[in-house]
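A.B. asks: So the chains spell out like this:
Number of protein chains: 2
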Amino acid sequence: MTSFPLEPGSTIGILGGGQLGRMLALAAGRLGFDVAILDPDPDCPAARMAKVAIAADYDDPVALKALADVSDVITFEFENVPARAVERLLGFGAQVAPNAGALAVAQDRVEEKTFLNGAGVPTVAFAAADDAESVARAVERFGPPCLIKTRREGYDGKGQTWIEHVADAEAAFARVGSKPVIVEAPAEFTRELSVICARSRSGEVSIYPPGENHHEAGILRRTHAPAEITPSALEHAEQIAARILTALDYVGVMGVELFELEDGRLLVNEIAPRVHNSGHWTLDGCEVDQFEQQIRAVAGWPLGPTAALAQTEMTNLIGDDVDDWKKLIAEPGARVWLYGKREARPGRKMGHVNRLRPLKD
Amino acid sequence: MTSFPLEPGSTIGILGGGQLGRMLALAAGRLGFDVAILDPDPDCPAARMAKVAIAADYDDPVALKALADVSDVITFEFENVPARAVERLLGFGAQVAPNAGALAVAQDRVEEKTFLNGAGVPTVAFAAADDAESVARAVERFGPPCLIKTRREGYDGKGQTWIEHVADAEAAFARVGSKPVIVEAPAEFTRELSVICARSRSGEVSIYPPGENHHEAGILRRTHAPAEITPSALEHAEQIAARILTALDYVGVMGVELFELEDGRLLVNEIAPRVHNSGHWTLDGCEVDQFEQQIRAVAGWPLGPTAALAQTEMTNLIGDDVDDWKKLIAEPGARVWLYGKREARPGRKMGHVNRLRPLKD
Numbered sequence: 001m002t003s004f005p006l007e008p009g010s011t012i013g014i015l016g017g018g019q020l021g022r023m024l025a026l027a028a029g030r031l032g033f034d035v036a037i038l039d040p041d042p043d044c045p046a047a048r049m050a051k052v053a054i055a056a057d058y059d060d061p062v063a064l065k066a067l068a069d070v071s072d073v074i075t076f077e078f079e080n081v082p083a084r085a086v087e088r089l090l091g092f093g094a095q096v097a098p099n100a101g102a103l104a105v106a107q108d109r110v111e112e113k114t115f116l117n118g119a120g121v122p123t124v125a126f127a128a129a130d131d132a133e134s135v136a137r138a139v140e141r142f143g144p145p146c147l148i149k150t151r152r153e154g155y156d157g158k159g160q161t162w163i164e165h166v167a168d169a170e171a172a173f174a175r176v177g178s179k180p181v182i183v184e185a186p187a188e189f190t191r192e193l194s195v196i197c198a199r200s201r202s203g204e205v206s207i208y209p210p211g212e213n214h215h216e217a218g219i220l221r222r223t224h225a226p227a228e229i230t231p232s233a234l235e236h237a238e239q240i241a242a243r244i245l246t247a248l249d250y251v252g253v254m255g256v257e258l259f260e261l262e263d264g265r266l267l268v269n270e271i272a273p274r275v276h277n278s279g280h281w282t283l284d285g286c287e288v289d290q291f292e293q294q295i296r297a298v299a300g301w302p303l304g305p306t307a308a309l310a311q312t313e314m315t316n317l318i319g320d321d322v323d324d325w326k327k328l329i330a331e332p333g334a335r336v337w338l339y340g341k342r343e344a345r346p347g348r349k350m351g352h353v354n355r356l357r358p359l360k361d
Numbered sequence: 001m002t003s004f005p006l007e008p009g010s011t012i013g014i015l016g017g018g019q020l021g022r023m024l025a026l027a028a029g030r031l032g033f034d035v036a037i038l039d040p041d042p043d044c045p046a047a048r049m050a051k052v053a054i055a056a057d058y059d060d061p062v063a064l065k066a067l068a069d070v071s072d073v074i075t076f077e078f079e080n081v082p083a084r085a086v087e088r089l090l091g092f093g094a095q096v097a098p099n100a101g102a103l104a105v106a107q108d109r110v111e112e113k114t115f116l117n118g119a120g121v122p123t124v125a126f127a128a129a130d131d132a133e134s135v136a137r138a139v140e141r142f143g144p145p146c147l148i149k150t151r152r153e154g155y156d157g158k159g160q161t162w163i164e165h166v167a168d169a170e171a172a173f174a175r176v177g178s179k180p181v182i183v184e185a186p187a188e189f190t191r192e193l194s195v196i197c198a199r200s201r202s203g204e205v206s207i208y209p210p211g212e213n214h215h216e217a218g219i220l221r222r223t224h225a226p227a228e229i230t231p232s233a234l235e236h237a238e239q240i241a242a243r244i245l246t247a248l249d250y251v252g253v254m255g256v257e258l259f260e261l262e263d264g265r266l267l268v269n270e271i272a273p274r275v276h277n278s279g280h281w282t283l284d285g286c287e288v289d290q291f292e293q294q295i296r297a298v299a300g301w302p303l304g305p306t307a308a309l310a311q312t313e314m315t316n317l318i319g320d321d322v323d324d325w326k327k328l329i330a331e332p333g334a335r336v337w338l339y340g341k342r343e344a345r346p347g348r349k350m351g352h353v354n355r356l357r358p359l360k361d
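Chains A and B are the protein sequences, given in the same order. Residue numbers are given in this note's numbering: position 276 of the first sequence equals residue 276, and the series is strictly consecutive. Residue numbers are given in this note's numbering: position 251 of the second sequence equals residue 251, and the series is strictly consecutive.
Simulated from the structure, these hints should not be mistaken for laboratory data. Heads up, a few of these hints could be off.
Identical copies go unnamed one by one, so any copy, or any two together, can satisfy a pair.
[Stated by the list, open to error] Calculated pairs, SDA-like style, for lysine to any residue (alpha carbon to alpha carbon, straight line, at most 20 Å):
hint : residue 1 : residue 2
1    : K326      : G9
2    : K65       : V52
3    : K327      : E7
4    : K360      : A310
5    : K327      : G300
6    : K327      : S3
7    : K327      : E204
8    : K327      : P305
9    : K326      : S3
10   : K327      : A104
11   : K360      : L90
12   : K326      : E7
13   : K158      : L328
14   : K65       : L90
15   : K179      : R152
16   : K326      : G203
17   : K326      : V288
Starting from the given sequences, assemble the full structure and let the hints guide the process.
C.D. replies: In C-alpha cells form, the structure reads like this:
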C-alpha cells in the first residue's frame, strides 16, 4: 500500500515516453526517485532515461499490470489516456494522479467548457454539434466566423477548422472528419497567455507567473515569461487556475491556456492536465521547474516555489530547426534542451531553447 | 569512427554508476544524449537512469568491449580506473576522456605532486617512502607533524595518518597497511579551497569561482561558493587550474583542491580528474553546472558559462542525515538532490542540499 509522501527510492510510473516523460524522468532522478515508462515505442525518449521501460499499447492489460506492480504512483505525459487504462490501473490497486475525472474533462472539449463554466470560469460561448445541420444552427446563433473542433483528440491545430459563412458548415464538418464537434463563438482576443499551476495532495495550490504564447502554423513557437500583465489580470488568472484545480480535486501540474480580450478580460481556451510546452521556460527561469513540481505533487511532497528568477524566452525547436544545434550550443546564455528524438520530421518538437535576461523591475 | 562535436542522440559511456554517474546521466539526458553505465552493481544509482547498464567489474574485458561498442565517447566518475581497463577501451577503438595520462597522474600521490611541481604548480614538500625507515628519514627532514598517505587508493581520509614524532614512523607506516606512501611536510593552511575547472577538446579552459570547503571526520561536509578571496589569490587559483589542464592536455572537468596559507599563497593538495563533490554547488548556483560541463567537454561541445548566479552553500547529506528528507523538501529555498541509494550506511553520501542567497556586491 502506497503511503504519502513517497520515500526517496520509490518508483514513479509514467504513461507516455516522449519529451515530457523524459523531462519528468530527469526531475524524478534528481529527487532520488526511479521511473517506469509505458510507451508503445521501446526507443522513445523517456524509456532511455528510465529504470523500467515497458513497450506496449496504453490499454494493454498485461503492460498496465506490470506498470502498476512496479510503480508507487502513476502519472501521465498526455491527456488522451484511454479511460479504460485508468480504470485498469485503479483496479490493480495503483495510485493514479491526476484523477480520472480530470482526464475525462480534458478529453472532451464540450465537457471541458461545460465544467469550466460550472466552476465559474469564463470561456467563449460554445455549442455541441453532432451533424452539419446543428453546426450550421450554432454558427447562425454566434455569427461567423466560428471555429469548430472535434470534441475528442486533436492537438497543435489538428482536428479544427474555421467556418466563415453559415453555408460552409457542411464542408467544414466534413473537413474535421464528420465527427462530433464543438462550435466556438469568435473571441476577439489580443493574445494568448498560459498559466502553469499545480495542486498538492494536501490541497496546496501554486501558480507560476503567466507566460505569453506565440504560435506558428498551429504549433507553439515561443513563450515569453513572465508576461507583462496588469495586476488585475494576474489576480484573475490566478483565481481561474485555483478554481479549476480545486473543483477537480486535482493533484499535479496543469497548463491553462487563456485568451486575453481587448477589454482585459480572460477566457479559458483549454486546460491540459499535465506538464505543458508553454511551461518549459520554468526549466531555467525558476528554482523549481514544472517537471519537479509535477513529481513533487504526485509524490505527495510539498510544492516548490514558483517565482520567476529571470525574464525567459522559450523557443521550440520544431522539425529541422534542430539542425542549428551546433550554433545554439555555442550561443552564450542560450540554455538548450534536446529530446533525443531519432528523426526530425516536419512539425515534430525536437527540443527547445531558453534565453534568459534579468527580470524587469 | 567517432567525430566531434558528438551529435545529439549519441551515447556517453560512463565507468562508475554512483551519484556522480547519475548526475552526469541527468546532464547528458538534458542535452539529448543517451548514457551507458558500467558498474559492478546492477542497482547502482546511475544504472537506473541509463539506456544501457552493464553490470560487471571495471576490468572485465567482455563488459569493456560491450561498453566500447555502444559508446561514442567514454568517461569516468572516479579516478581509480584500472589502467588496463583504459588500455582495453582504447584497444577496442573507444574514445576516452580524460586521457590515460591524467588518470595515471591522479592515481599516484607521488606522481601527482611530481607532475604538479614540474608544471610550475606549488604543493607541500613531499617524499616517497617504501618502508618505515624512509618514512622516518622524511619526517626528520620536514620536521613533525607529517601526514603520510598511501600512494594509491584512499579517499575521504582513508589510507592516511599523522606522524607526531619521528619515533612514530614505524607504527604509522603499519597503520596505513605497510604500503608505499607519500610523506607530506606540514602546511600551515588556514582553509581549503577548491576550483572546478574544465578544458574542451579545442583547448578552451573555463573555471568556476573557487569554493571554500569544510570537512568533518575526513569527509566534505560543506562548500561555500563563491569563496571570499582576494583578487590576487583568485588570479593565482585560475592560473594554477589552467596550467594543470593544459599540461595534461586534459579534456573534461577537474576538481583542484587548494590549501590557502596564512600569507595568502596557494598550494595544490590534490587533483581529481572528474566532477567533484565540492562542485555540487554549481548544480543550482550556475547556469551550466559541472556535470553538463563535463558532458560538453567530452562530447567536443563548447564549454558553458561558469559565473555564479547566487551565493550557494552546499551541504552533504551523509549517512542518516538523509532521514531529514521530509524537513528538507519543505524548506523554502533549499534545493535538494537525492541519489537514490538504497541504504544509508554511516559515512555514505546520500544526497546534498544547495541553499542559495543573492550574490554579494
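A.B. asks: Take the hints in turn and mark each one as holding or not.
C.D. replies: We went through each hint and held it up to the structure:
Only between protomers do K326 and G9 lie at most 20 Å apart by alpha-carbon distance; the minimum there is 14 Å, versus 36 Å within a single protomer. Taking identical chains as interchangeable, the C-alpha atoms of K65 and V52 lie at most 20 Å apart only when both belong to the same chain, with a minimum of 13 Å there against 24 Å between chains. In this assembly of identical chains, K327 and E7 lie within 20 Å of each other by CA distance solely across copies; the values are 13 Å between and 42 Å within a copy. Taking the shortest Cα distances, K360 and A310 sit within 20 Å of each other both inside one copy (9 Å) and across copies (18 Å).
Taking the shortest Cα distances, K327 and G300 sit within 20 Å of each other only across copies (14 Å), while inside one copy they are farther apart (41 Å). For a Cα distance limit of 20 Å, the shortest separation of K327 from S3 across copies, 17 Å, qualifies, whereas the shortest one inside one copy, 47 Å, does not. Only between protomers do K327 and E204 lie at most 20 Å apart by alpha-carbon distance; the minimum there is 17 Å, versus 42 Å within a single protomer. With identical chains, the CA atoms of K327 and P305 are at most 20 Å apart between copies only, with a shortest distance of 15 Å across copies and 33 Å within one.
Taking identical chains as interchangeable, the C-alpha atoms of K326 and S3 lie at most 20 Å apart only when they sit on different chains, with a minimum of 14 Å there against 46 Å within one chain. Taking identical chains as interchangeable, the C-alpha atoms of K327 and A104 are never at most 20 Å apart, the minima being 43 Å within one chain and 35 Å between chains. Taking the closest pair of Cα atoms, K360 and L90 never come within 20 Å of each other, the shortest separation being 47 Å inside a single copy and 52 Å across copies. Taking the closest pair of Cα atoms, K326 and E7 come within 20 Å of each other only across two copies (9 Å); inside a single copy the shortest separation is 40 Å, beyond that limit.
With identical chains, the CA atoms of K158 and L328 are never at most 20 Å apart, being 29 Å at best within one copy and 44 Å at best between copies. Taking CA atoms no more than 20 Å apart as the test, K65 paired with L90 passes inside one copy only; the shortest distance there is 10 Å, against 44 Å between copies. In this homomeric assembly, K179 and R152 come within 20 Å of each other (Cα to Cα) only inside a single copy, at 9 Å, whereas the closest approach across copies is 72 Å. Proximity of K326 and G203 under a CA criterion of 20 Å is satisfied inter-copy only: 18 Å between copies versus 44 Å inside one chain copy.
Proximity of K326 to V288 under the C-alpha cut-off of 20 Å is restricted to the inter-copy arrangement: shortest distance 17 Å between copies versus 28 Å within a copy.
The structure does not agree with the numbered hints 10, 11 and 13 stated previously, though it agrees with the rest.
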